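*Asks:* The lines below spell out each chain.
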Amino acid sequence: MKRSLLTGVAVVLAALYLFPVYWMFVTAMKTSGEIFQYPPAFWPASPHFQFRAVFASYNLGRYIWNSLLIATGTTAITIVLGTGAAYALAYVRGFAVNVALFAILMLQVLPPSLMVTPIFVAFNQVGLLEWPRVAVVLATAAKTLPFYIILCRATFTQVPRELRDAALVDGNSRVGAFLHIILPLARNGILITGVLVFLQSFGEYVYSRSLIADKELQTATVGLSTFLGADANDWVGLMTYSSLYVTPILLIFVVLQRRIVSGLTSGALK
Amino acid sequence: MISQLLKTLRDGDGFEAALVLAAIGYLLVFAAFPLVYNIVMSFQEVDMFSLASFDRPFRGLDNYRDLIQRPEAWEILRNTIIFVSCSVVFQLGLGFALALFFQLDFPGAGAIRGLFLAGWVMPGLVVGAIWKWIFAGDFGVLNYALHSAGLIDKNIFWLSDPAYALAAVTIANIWLGIPFNMILLSVGLAGIPEDIYEAAELDGANRWQRFMSITVPLMGSTLGAVISLGIIFTLQQFDLVAALTQGGPANASNIAQYWSWQMSFQTYEISAGSVVATLMIAVVVVVAAIYVRSVQHEHSA
Amino acid sequence: MFQIEIEHLNKSYGHARVLKDISLQVPLGAFVALVGPSGCGKSTLLRTIAGLEKITSGTLKIAGVVVNDKPPRERDVAMVFQSYALYPHMTVEDNMTYALRLRHRPKREIAERVADVAEILGLGLLLGRTPRALSGGQRQRVAMGRAIIRDPKAFLFDEPLSNLDASLRVKMRGEIRKLHQRLGATSVYVTHDQIEAMTMADMVVVLRDGAIEQVGAPLTLYQQPVNRFVAGFIGSPAMNFVPAILVDDGNSLLLGGDAACRLRLGQRRAPGRAVLAGLRPEHLTLGGVGKAQTFAARVESVEGTGSMTFIEMSIAHGATAGAGDAVMLTLAQSGISTVRPGDRVTVGIDPADIYVFDPDSGLALQADPAP
Numbered sequence: 264m265k266r267s268l269l270t271g272v273a274v275v276l277a278a279l280y281l282f283p284v285y286w287m288f289v290t291a292m293k294t295s296g297e298i299f300q301y302p303p304a305f306w307p308a309s310p311h312f313q314f315r316a317v318f319a320s321y322n323l324g325r326y327i328w329n330s331l332l333i334a335t336g337t338t339a340i341t342i343v344l345g346t347g348a349a350y351a352l353a354y355v356r357g358f359a360v361n362v363a364l365f366a367i368l369m370l371q372v373l374p375p376s377l378m379v380t381p382i383f384v385a386f387n388q389v390g391l392l393e394w395p396r397v398a399v400v401l402a403t404a405a406k407t408l409p410f411y412i413i414l415c416r417a418t419f420t421q422v423p424r425e426l427r428d429a430a431l432v433d434g435n436s437r438v439g440a441f442l443h444i445i446l447p448l449a450r451n452g453i454l455i456t457g458v459l460v461f462l463q464s465f466g467e468y469v470y471s472r473s474l475i476a477d478k479e480l481q482t483a484t485v486g487l488s489t490f491l492g493a494d495a496n497d498w499v500g501l502m503t504y505s506s507l508y509v510t511p512i513l514l515i516f517v518v519l520q521r522r523i524v525s526g527l528t529s530g531a532l533k
Numbered sequence: 002m003i004s005q006l007l008k009t010l011r012d013g014d015g016f017e018a019a020l021v022l023a024a025i026g027y028l029l030v031f032a033a034f035p036l037v038y039n040i041v042m043s044f045q046e047v048d049m050f051s052l053a054s055f056d057r058p059f060r061g062l063d064n065y066r067d068l069i070q071r072p073e074a075w076e077i078l079r080n081t082i083i084f085v086s087c088s089v090v091f092q093l094g095l096g097f098a099l100a101l102f103f104q105l106d107f108p109g110a111g112a113i114r115g116l117f118l119a120g121w122v123m124p125g126l127v128v129g130a131i132w133k134w135i136f137a138g139d140f141g142v143l144n145y146a147l148h149s150a151g152l153i154d155k156n157i158f159w160l161s162d163p164a165y166a167l168a169a170v171t172i173a174n175i176w177l178g179i180p181f182n183m184i185l186l187s188v189g190l191a192g193i194p195e196d197i198y199e200a201a202e203l204d205g206a207n208r209w210q211r212f213m214s215i216t217v218p219l220m221g222s223t224l225g226a227v228i229s230l231g232i233i234f235t236l237q238q239f240d241l242v243a244a245l246t247q248g249g250p251a252n253a254s255n256i257a258q259y260w261s262w263q264m265s266f267q268t269y270e271i272s273a274g275s276v277v278a279t280l281m282i283a284v285v286v287v288v289a290a291i292y293v294r295s296v297q298h299e300h301s302a
Numbered sequence: 053m054f055q056i057e058i059e060h061l062n063k064s065y066g067h068a069r070v071l072k073d074i075s076l077q078v079p080l081g082a083f084v085a086l087v088g089p090s091g092c093g094k095s096t097l098l099r100t101i102a103g104l105e106k107i108t109s110g111t112l113k114i115a116g117v118v119v120n121d122k123p124p125r126e127r128d129v130a131m132v133f134q135s136y137a138l139y140p141h142m143t144v145e146d147n148m149t150y151a152l153r154l155r156h157r158p159k160r161e162i163a164e165r166v167a168d169v170a171e172i173l174g175l176g177l178l179l180g181r182t183p184r185a186l187s188g189g190q191r192q193r194v195a196m197g198r199a200i201i202r203d204p205k206a207f208l209f210d211e212p213l214s215n216l217d218a219s220l221r222v223k224m225r226g227e228i229r230k231l232h233q234r235l236g237a238t239s240v241y242v243t244h245d246q247i248e249a250m251t252m253a254d255m256v257v258v259l260r261d262g263a264i265e266q267v268g269a270p271l272t273l274y275q276q277p278v279n280r281f282v283a284g285f286i287g288s289p290a291m292n293f294v295p296a297i298l299v300d301d302g303n304s305l306l307l308g309g310d311a312a313c314r315l316r317l318g319q320r321r322a323p324g325r326a327v328l329a330g331l332r333p334e335h336l337t338l339g340g341v342g343k344a345q346t347f348a349a350r351v352e353s354v355e356g357t358g359s360m361t362f363i364e365m366s367i368a369h370g371a372t373a374g375a376g377d378a379v380m381l382t383l384a385q386s387g388i389s390t391v392r393p394g395d396r397v398t399v400g401i402d403p404a405d406i407y408v409f410d411p412d413s414g415l416a417l418q419a420d421p422a423p
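Protein chains in written order, with the working numbering: chain A, 264 to 533; chain B, 2 to 302; chain C, 53 to 423.
Excised from the complex, chain A in its bound form (with noise of 0.2 Å):
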């Protein structure tokens, strides 16, 4: 009795802490003139979408489609160079990975915002940003390959070193025992971290910003922020903007919870 009393308080806590989400939705499925009511309808009169015509005149399938190539592309340098390193941390022991390890944490800290400057003038002098989309990818990438090994090398260290020895014993060369028998039990660590890394970079705004010029390269963020002038008043456009941006996030985020909670945490206290 009082057990389930408790789970009711933590729905209730849930339900206030997540009421921006839901007021996203809510806001999104209203009309023009139902947002501007006072007071304001907790649940719309009659719920209607206007996905096709946000889509349309946000020009939000480009956006998004920029934001995908970007998270793709950061994601994929994030597990090629990031996967191999984090293996090689969790096995190797001694002062010298003990100095990359830290190189590593501290690089995971640069705030995005105050990296954006230095970033911007070496690319441009070095002619990167003539490729804007590469040049975010390649700095966003930077961003998230500590965050990245940092996880990935939690998830080796529980596979046990004489997997590894075993498996040489059994005739394989180093790269064999790493590819064979290491990277398929740590199958499930790289993947929730890659997932987060994508949606990281899927969320991306510091550098897009500052990095993309032109308009049609420009990814959702860059997009949303453009709409959200001193003079915005589209609300429910915006709301439905942000609903059909953050829904796929969502969606994942809700398949994958119990593994983005343990392995988040794993990372971030050991």
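No wet-lab data here; the hints were simulated from the structure. Certain hints may be false.
[What the hints assert, rightly or not] Straight-line alpha carbon distances no greater than 30 Å define the calculated DSS-like cross-link-like pairs of lysine-lysine that follow:
1. Lys205(C) - Lys230(C)
2. Lys113(C) - Lys230(C)
3. Lys122(C) - Lys159(C)
4. Lys8(B) - Lys223(C)
5. Lys223(C) - Lys205(C)
6. Lys159(C) - Lys230(C)
7. Lys106(C) - Lys205(C)
8. Lys72(C) - Lys8(B)
9. Lys113(C) - Lys8(B)
10. Lys205(C) - Lys159(C)
11. Lys106(C) - Lys8(B)
12. Lys205(C) - Lys8(B)
13. Lys106(C) - Lys159(C)
Just so we're clear, the structure is a prediction, and the values are computed from it rather than from any experiment.
Chains B and C: place on chain A using the hints.
*Replies:* The following block gives chains B and C in isolation, referenced to the frame of chain A:
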């Protein structure tokens, strides 16, 4: 020679070394180099005209001196301190309260707790957009709620009133930070063995005494890690400011990391932007070093 | 013919020397146990043979070929790990055949070998399972199967039984021994359990602090330990060490320096010095019969297990034995004893069973034939 190299790559330590060096090499080029370049630029004259040049006038500490003499510098410093300290205090307090609550044994505790992270996976800019709508002066749902509760008689113009703009950004940031604080603190709480509490209970300690004499001291290093991470994440916050106030009105809600970006990308005072970035990165690195220490301390304990 | 030859092998991590000038020759087909307390370097030595650890200097030969710089896969040895290290994402059969598949052996040959090994180890019904679904004992068998399916140049065992419960351990001990007799393959077996080493091996290597203390057949180590460490390590319960003085021109000693505890020795030692007398608990008898030398003692505590009784006793001691505490001794006898704490007893020992050690170097003092 070549075959020996191939051999160590395949069978020796060369394999692991190559893997690490590939990642480190990337980070050197795209993270460590910009970091150094940032410091260099903070001593140079960099603006629209010298942007593409490799040979820029050296200005030494003049850039730093100019920056301190700007009238807005101190206001922004004050804003940044308020923003960071209020964010961290409330994220930690609310996060800790929620973590303690979800530590109680009831059906669905884990699953409901996980839902809180939904806010955390959403792009910061979308979160900013939603809060901008919630904060809206005339039709915002927050004013309606405060009004109904009898807390205010006149609508607050959260985003355009200089007295409230910083508070609005801070509230949104607290909302974003709560879940992460809660989850990390939950892990710390779960790491305290149940039998220590039972022993204290047998010794006659009540709930409050158990909290003060067991939970708080044993959570010490976790709290250290969570506070440092909170400061780091708050100093990384950019999207919310961009979506909500753009630092306005008249710098009332401007914070250092946004200011740095504004100078580099809106007024093209790139040297000044680099100076702010250099100073802030120094702060972040110090906090991060404390974080790493407290985590390693916990790991070895 | 030696299957494994180690000459002046050294291994350091930075400044820490973990293996010091190890020289060892393992005959073809021998079963050699490496034994010693934890941290003595026995596992490291095994891992250097496997190629999992690099050696700092010295030479290591397997089947006559120097393998110093060869990776494990070129050494053709098989290893059974303490944690078994079964690949969790493979079935039992795939675990066992992994090495053969890596060597691209024909499918028919692999199938035949699997059938053979499954038959030998009784794994037939488990081949399709994953390691997760197996009991500890079954996992241990699969780990053995993975090794013997290969017909390697040597088997390396790294404390393979330490994760099993006591009764299963005794059973597997016998099975591994039988397996060795059947296959005749050269085996190196690391254990911290001296009983395991004594019962299984033809040859025991005692290690301490990264150096070899003694190499020999199990009973040789028991009967002729070269130093105090080996004498104390081999045998259970451990040997008693009692400060003593050699008297009577080296033909007798005074236990605890006390004239009342005078024991004649089987063989004369160089006279006139303080020594340590080594007395095995199982060589001590209550009362003393036959050729036994005797001395008086006081019973302090008695522990009986039914089949054995362990009696803790103190003996009087003189000034030379050092001030303070009484000298304590343990006596082991089979069956149940009627003595009680506080009883005064007479303890006897055959002179041939008394060991004498130098108290400083710990070396065993050999018979000194000079008069």
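*Asks:* Does each hint hold? Answer for all of them.
*Replies:* Hints versus structure:
| no. | hint | verdict |
| --- | --- | --- |
| 1 | Lys205(C) - Lys230(C) | holds (19 Å) |
| 2 | Lys113(C) - Lys230(C) | holds (27 Å) |
| 3 | Lys122(C) - Lys159(C) | holds (28 Å) |
| 4 | Lys8(B) - Lys223(C) | violated (43 Å) |
| 5 | Lys223(C) - Lys205(C) | holds (26 Å) |
| 6 | Lys159(C) - Lys230(C) | holds (29 Å) |
| 7 | Lys106(C) - Lys205(C) | holds (19 Å) |
| 8 | Lys72(C) - Lys8(B) | holds (28 Å) |
| 9 | Lys113(C) - Lys8(B) | holds (20 Å) |
| 10 | Lys205(C) - Lys159(C) | holds (22 Å) |
| 11 | Lys106(C) - Lys8(B) | holds (15 Å) |
| 12 | Lys205(C) - Lys8(B) | holds (23 Å) |
| 13 | Lys106(C) - Lys159(C) | violated (34 Å) |
Of the numbered hints given earlier, the model fails hints 4, 13; all others are met.
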